Each structure stands twice: as structure tokens, then as C-alpha cells.
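Protein chains in written order, with the numbering used here: chain U, 42 to 319; chain W, 10 to 350.
Wrong hints could be hidden among the right ones.
[Stated by the list, open to error] Chain U is nowhere near these chain W residues, computed Cβ spacing over 10 Å in every case:
| id | residue |
| --- | --- |
| 1 | 58 |
| 2 | 86 |
| 3 | 230 |
| 4 | 285 |
| 5 | 288 |
| 6 | 333 |
[To be verified] Computed list of lysine-lysine pairs in DSS-like fashion (alpha-carbon distance at most 25 Å, straight line):
| id | chain 1 | residue 1 | chain 2 | residue 2 |
| --- | --- | --- | --- | --- |
| 7 | U | 85 | W | 82 |
| 8 | U | 152 | W | 82 |
| 9 | U | 316 | W | 82 |
| 10 | U | 152 | W | 158 |
| 11 | U | 84 | W | 158 |
[Stated by the list, open to error] Just so you have them, the derived chain W footprint on chain U, three or more residues with Cβ under 8 Å:
| id | segment |
| --- | --- |
| 12 | 55 to 62 |
| 13 | 96 to 105 |
| 14 | 161 to 173 |
| 15 | 222 to 230 |
FYI, nobody ran anything at the bench for these hints, they're computed from the structure. Small disclaimer: the values here were computed from a predicted structure and weren't measured. All C-beta atoms, glycine included, are put in the ideal place defined by N, C-alpha and C.
As a plain string of letters, each chain reads:
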Amino acid sequence: MSTMITPVREVVRAADRVAAARRRVSPGETLGQTLMMAWRAVKKMRRNPEQFFDVALQPILFTAMFAFIFGGAIAGDVQSYLPLMVPGILAQTVLTTCMATGTQLREDMEKGVFDRFKSLPIARIAPLAGPMVADLLRYTIAATLTFGMGLVLGYRPGGGAGGVLAAILLSIFTGWSLAWIFTWVGTIARSTQAVQGISLMILFPLTFLSNAFVPIETLPGWLAAFVRINPVSHLVTAARDLANDALVSSQVAWTLLASLAVIAIFAPLSVRSYKRHM
Amino acid sequence: MSITELRRTGGGPGPDTGSDLAVRAEGLVKTFGGHRAVDGIDLAVRPGEIFGVLGPNGAGKTTMLRMLATLLKIDAGRAEIFGVDVAGNPHVIRQLVGVTGQYASVDENLTARENLWLFSRLQGIAASRARRIATELLAQFGLEDAAGKPIAQFSGGMRRRLDLAASLITRPPLIFLDEPTTGLDPRTRGQMWDTIRGLVTDGCTVLLTTQYLDEADQLADRVAVIDQGRKVAEGTPDELKTAVGNSTLQLLLAEPGQVRAAVEVVRGVLGSEPVLSPEQGRLNVALDQADLAADVLIALRTAGVSISSVSVAKPSLDEVFLALTGHGTDGDDRTGTEENR
Numbered sequence: 042m043s044t045m046i047t048p049v050r051e052v053v054r055a056a057d058r059v060a061a062a063r064r065r066v067s068p069g070e071t072l073g074q075t076l077m078m079a080w081r082a083v084k085k086m087r088r089n090p091e092q093f094f095d096v097a098l099q100p101i102l103f104t105a106m107f108a109f110i111f112g113g114a115i116a117g118d119v120q121s122y123l124p125l126m127v128p129g130i131l132a133q134t135v136l137t138t139c140m141a142t143g144t145q146l147r148e149d150m151e152k153g154v155f156d157r158f159k160s161l162p163i164a165r166i167a168p169l170a171g172p173m174v175a176d177l178l179r180y181t182i183a184a185t186l187t188f189g190m191g192l193v194l195g196y197r198p199g200g201g202a203g204g205v206l207a208a209i210l211l212s213i214f215t216g217w218s219l220a221w222i223f224t225w226v227g228t229i230a231r232s233t234q235a236v237q238g239i240s241l242m243i244l245f246p247l248t249f250l251s252n253a254f255v256p257i258e259t260l261p262g263w264l265a266a267f268v269r270i271n272p273v274s275h276l277v278t279a280a281r282d283l284a285n286d287a288l289v290s291s292q293v294a295w296t297l298l299a300s301l302a303v304i305a306i307f308a309p310l311s312v313r314s315y316k317r318h319m
Numbered sequence: 010m011s012i013t014e015l016r017r018t019g020g021g022p023g024p025d026t027g028s029d030l031a032v033r034a035e036g037l038v039k040t041f042g043g044h045r046a047v048d049g050i051d052l053a054v055r056p057g058e059i060f061g062v063l064g065p066n067g068a069g070k071t072t073m074l075r076m077l078a079t080l081l082k083i084d085a086g087r088a089e090i091f092g093v094d095v096a097g098n099p100h101v102i103r104q105l106v107g108v109t110g111q112y113a114s115v116d117e118n119l120t121a122r123e124n125l126w127l128f129s130r131l132q133g134i135a136a137s138r139a140r141r142i143a144t145e146l147l148a149q150f151g152l153e154d155a156a157g158k159p160i161a162q163f164s165g166g167m168r169r170r171l172d173l174a175a176s177l178i179t180r181p182p183l184i185f186l187d188e189p190t191t192g193l194d195p196r197t198r199g200q201m202w203d204t205i206r207g208l209v210t211d212g213c214t215v216l217l218t219t220q221y222l223d224e225a226d227q228l229a230d231r232v233a234v235i236d237q238g239r240k241v242a243e244g245t246p247d248e249l250k251t252a253v254g255n256s257t258l259q260l261l262l263a264e265p266g267q268v269r270a271a272v273e274v275v276r277g278v279l280g281s282e283p284v285l286s287p288e289q290g291r292l293n294v295a296l297d298q299a300d301l302a303a304d305v306l307i308a309l310r311t312a313g314v315s316i317s318s319v320s321v322a323k324p325s326l327d328e329v330f331l332a333l334t335g336h337g338t339d340g341d342d343r344t345g346t347e348e349n350r
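In isolation and in its complexed conformation, chain U is listed as follows:
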């Protein structure tokens, strides 16, 4: 450092810099910055492969476990339970994956590098949205493994490859949208543990109070009412129609609408509380 040979450089002129400074971030810049943040998150994932344990193990374990535990009781046998259950597990897996988004963001925000992100002239949403873009990778792995395990157990989706692909894409998009809720939790909670606690309280009612594992008809009236409006139920029904019958039902529209509503509410909330954290 002391022996450095500094090449002849232009002298920094403050007045020129003030004149050249941009007043705000353009949408194009925001996108570029988000993608850079996604690049960082992917690098991080590759260097900490243990982050993939949950997305890899959960679909395999849960699909097998639930098929043999509930199969006989709910549908008579494992084979006839699979078309009902696999889309349910798909929704559950995707939701669990979004929970990790929140806890990992919180962990990340406590590190020094976030101080630098805040001091840089970049869009405030980029550090939040970047990891979520990278998480698309995790959703894809989780969704593919769920269907893969189903196939191994003897699931033969009637909707064919196209139907299955559509069901996977819909689940990924929904998971990504719901992840904004957990991102928001990540920006408001005081610690990683708190994020985990709050997230589980959101996650359990959403997945288990849905039609993911049991038919709605078996539930008491008051519970059925909640289960019907639960967006996860819409996702599960839409995914079942797509995967089993290649049918694009109105449930797809409801799922997309609910997802967009979640983004519209929780993305601005997240950015606001992230800014306040400074």
C-alpha cells in the first residue's frame, strides 16, 4: 500500500460530480441492481450448500410420510391419495421455502455489508428483491423434487407434462408473492429467532387450514368457511386441476389475483420498514 505506484489520474472535482449526480433511480437501474443482488445471493447459496437441505429433504420426506400416514385413512389407499396430496405438498413446500426468505434476510441485514448497501446510491428495494429473485431457484428445486417423489411413489398425473409444468410455475409464482409477507416480517422483527417464530405462526394456519391434505367436505362448517377463502386452498385446487386434468380453472385466476394483492401490499411495506431501519 505504501509502495504503490499511483497512475496519473484526473483530479476529483466536486462541482462536476454534483452537476452529474442523478436525482433518482430509474426503473431500468432498479432492475439491474436487483439482478446484481440476485447474483450475490446465488453466490452465497453456492458457498453455503446447507441452505439447500430444507428445499431438498422436505419434499422427499413429507411426500413419502404423508402418503403412507394419511393415504389409507383419507382416500382408501396410497395410490388414490397421491393426486390429492402431491399438489398439497407442493403448496406446503413452496410456503416453507418462502419462510426461509424472511429469516435469511434478517440474518443478512445484521451484517456489516448492509450498511454499505444503504450508503450506496441504489434503489432501496434492490437488497430485498435480489435475494427473492435468487430464491426462484430454490422454489424450482423444491417443486420439481415434490413431483419427482410423487412419481416414484406411483403418482401418474393425468394432466401430462404440460399440466405438471403449469402447476409448478403457478406454485413458484405464488410462493414468490407470498414471500413478500415474510420479507416484511424480516424487516420488522428484532431478531432472526423472532422472524422464525412469527413466520411459523403465519405458515401453520395457512398450510394446515387449507384443502392441502384433507377434502373440505370433512371439515366443520366454520372451519370450511376459512379454508375456502385461504389463498393456499385456491393454489392447491388450481394445481390439482392443472396437474391431474390439464384444466385451467377459475381457481388459477383467484390464485394470481391473491398473489398480486399480496405483492401490492407487502412490497411497499417492506421497503418502508427497511428504510426506517437506518
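Starting from the known structure of chain U, fit chain W onto it as the hints suggest.
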């Protein structure tokens, strides 16, 4: 300049008032709960100078810097950087200021080169140029050999260097350094000082905080002394040192009861007041020249004041504080909330 003149804390920033200042702050306030971490600080930093903010832990230095860097909301008062209002134009300010924090703000999961690449690309620098800048900065900061290593394997000094390199990517005209050498070994510290001096040669303005009087003395053109969220003095390092003397004679009396007699003797020889330390029987005497110590010692022996230990040292921050505020740097009313953001 006397101590009283140095204590020019009231009023505006003096004759420098104008929009051609690098930093102009008036009455900055930051409150955490009921505690006023920064309590009405005025600051005027001229372009091209190294301005030092000197103060002990918890004095409000970091908090002040974070407000100026748009990392903390300004609760009261206003600040301008190169004439741009900080609170009103955070995005513009972030393009003008490079911030190097007290704790290295680089990504642990990435290598040194990847860190510089990420921060360049985030600021809209094209891929090929970002690569070149990373290579140049790694060379300039002696990190070429470690370029591909994850930061987790870096030493404290290497992290600091990478952190500073990351702040210089866009060559911002103003650089904030928060205690740039705290915790570094003497050799690395000297290198960091050279680097900081080099920044100014490039046309940058530097605002740095430090706990060390000698660092302020080595680097800064002007120094503001901060205590409990307030500015207690401002001037050149020479003016500050004149206030406390070029060196300090530290005396420990054998009989604490003889303090009064010792004070009389010092007054007689030097015509100035010694500073009584909170410790029983200890006096600090500011000296213009170190050889005046002999005169004081001879006079003390003649007067029959016996001494159990004696030393001559450069004045420390503690002595500056004793001279300027009448208390040391370890007052128990300090909370140190600034460290917890």
C-alpha cells in the same frame, strides 16, 4: 490561541459560511430514546482538507457521521454536502460520499475481487470497467494475492483496506472514515495514514473520526473535539496542542497531601496551572518544551516536595479532555449508544 478562544462553539461555523464548503452542518441533533447522542453540532469542512473529529467512545462521532451519510435520520438541524441538502436529496448525497465504517462493511460470502465487482456493478459501472477498477484497487491496496480468497480468511487490516477500496470505486469527492485505524497494528496504521493522505492529493475531501490525538495530529488539517454530543473545541492540531502543551510532565507525589505545595511550585516556575488528575497525588503539567521538566523537578526538590514517579509524555486525548472540559474521557455518565446504531 488560548483554550478559551478554541472553545468557539456558539454561533455559526465562522468565516467559512458559504455554499463552497464540502460539509456544512448546523445544529445537528440525534436523540435515541431520551439520550441526545448528538446535541447541536456545527461543522464546516473545506474542500480538499482532512478534517478530524476527535472524541472518546460514545461522544457521538459515529452518529454524526451516519447522519451526514444519510444512514440515520437527522432529528434537528440541517446539513449540506457541496451545497446539497442532505435530508432532501439522499440519493444525490450517496453519489457524493464514500463511507468506510468502523466495522468493515464488505460481504463475508464473497471474495475480495467479487466484493469490488458487486459494488461497482451496483453503481452502474459497465462490466469491463468494473473488472479493471477491481484489479486496480486490489493492486493499490496490496490485496492482489488475496483477491480470490473469501473475506472470512482476511485479517482485520486487510478487511479495512478492502473496505476503504470499496468506498473509492466511484472516486467520490468526499470520504467519511469512521475510526479508520482503531485496532490496527502500528505498521498497518502507518500505511493507512499514507493512503488517506494520498486521497487528498487526488482532490478528495476527507472527514474522519478518531480517538487518537496523534492520528488527528498526523493527518488532519483541522480538528473538532467532540464530547457528549457537543463540540467543545475546534482548531488546527497545533492550536490544540498549544492548549495542552507539546509534552506533558506526569508527576506522582509521594505525599498526596503536598499537592497544594506542588501546584504553587509549578505556577512559580512556568506561570501556568498544572492539571490535577482524579487520582490522588497525580499532576499533569503541560510543557512547551520537554526540557522545562528539569526546571520543574529541581524547583520541587528545593521546595521539599518529594516525588514517587515522574515521566514526560506526549499529551494524550485524556489530557486534551482534562484541559478542555475539566474531566477525563472515562466519565461514568457516558452510555455509548452510538455503537448500537
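Original post:
If you draw a straight line from the CA of residue 152 of chain U to the CA of residue 158 of chain W, is it 25 Å or shorter?
Top reply: At roughly 19 Å apart (the allowed maximum being 25 Å), residue 158 of chain W and residue 152 of chain U satisfy the hint.
**OP:** Establish whether the coverage given for the segment 222 to 230 of chain U by chain W is satisfied; the threshold is a Cβ-Cβ distance below 8 Å, and no fewer than three residues must meet it.
**Re:** violated (count 0)
Subject >> Hint consistency between residue 84 of chain U and residue 158 of chain W [alpha-carbon to alpha-carbon, up to 25 Å] >> reply: holds (14 Å)
Original post:
Hey, does residue 285 of chain W actually stay past 10 Å from chain U on C-beta?
Top reply: holds (42 Å)
Subject >> Assertion that residue 58 of chain W lies farther than 10 Å from chain U (Cβ) >> reply: holds (12 Å)
Subject >> Status of residue 333 of chain W, Cβ more than 10 Å from any chain U Cβ >> reply: At about 31 Å from chain U, residue 333 of chain W clears the 10 Å cut-off, so the statement holds.
Subject >> Annotated coverage of the segment 96 to 105 of chain U by chain W, confirmed only when three residues or more have a Cβ within 8 Å >> reply: This one is violated; 0 residues, fewer than the three required, reach chain W with a Cβ under 8 Å.
Subject >> Claimed coverage, the segment 55 to 62 of chain U by chain W - three or more beta carbons nearer than 8 Å >> reply: holds (count 5)
Original post:
Does residue 82 of chain W lie within 25 Å of residue 152 of chain U when you go C-alpha to C-alpha?
Top reply: With Cα atoms ~20 Å apart, residue 152 of chain U and residue 82 of chain W stay inside 25 Å; holds.
**OP:** Measuring Cβ to Cβ, find out whether residue 86 of chain W lies farther than 10 Å from everything in chain U.
**Re:** For residue 86 of chain W, whose nearest Cβ neighbour in chain U is about 18 Å away, the distance exceeds 10 Å, so it holds.
Subject >> Nearest-CB test (10 Å) between chain U and residue 288 of chain W >> reply: holds (38 Å)
Original post:
Are 3 or more residues of the segment 161 to 173 of chain U near chain W, judged by a Cβ distance of less than 8 Å?
Top reply: Coverage by chain W holds for the segment 161 to 173 of chain U (4 residues, Cβ < 8 Å).
Hint violations for this structure: numbers 7, 13, 15, all remaining hints satisfied.
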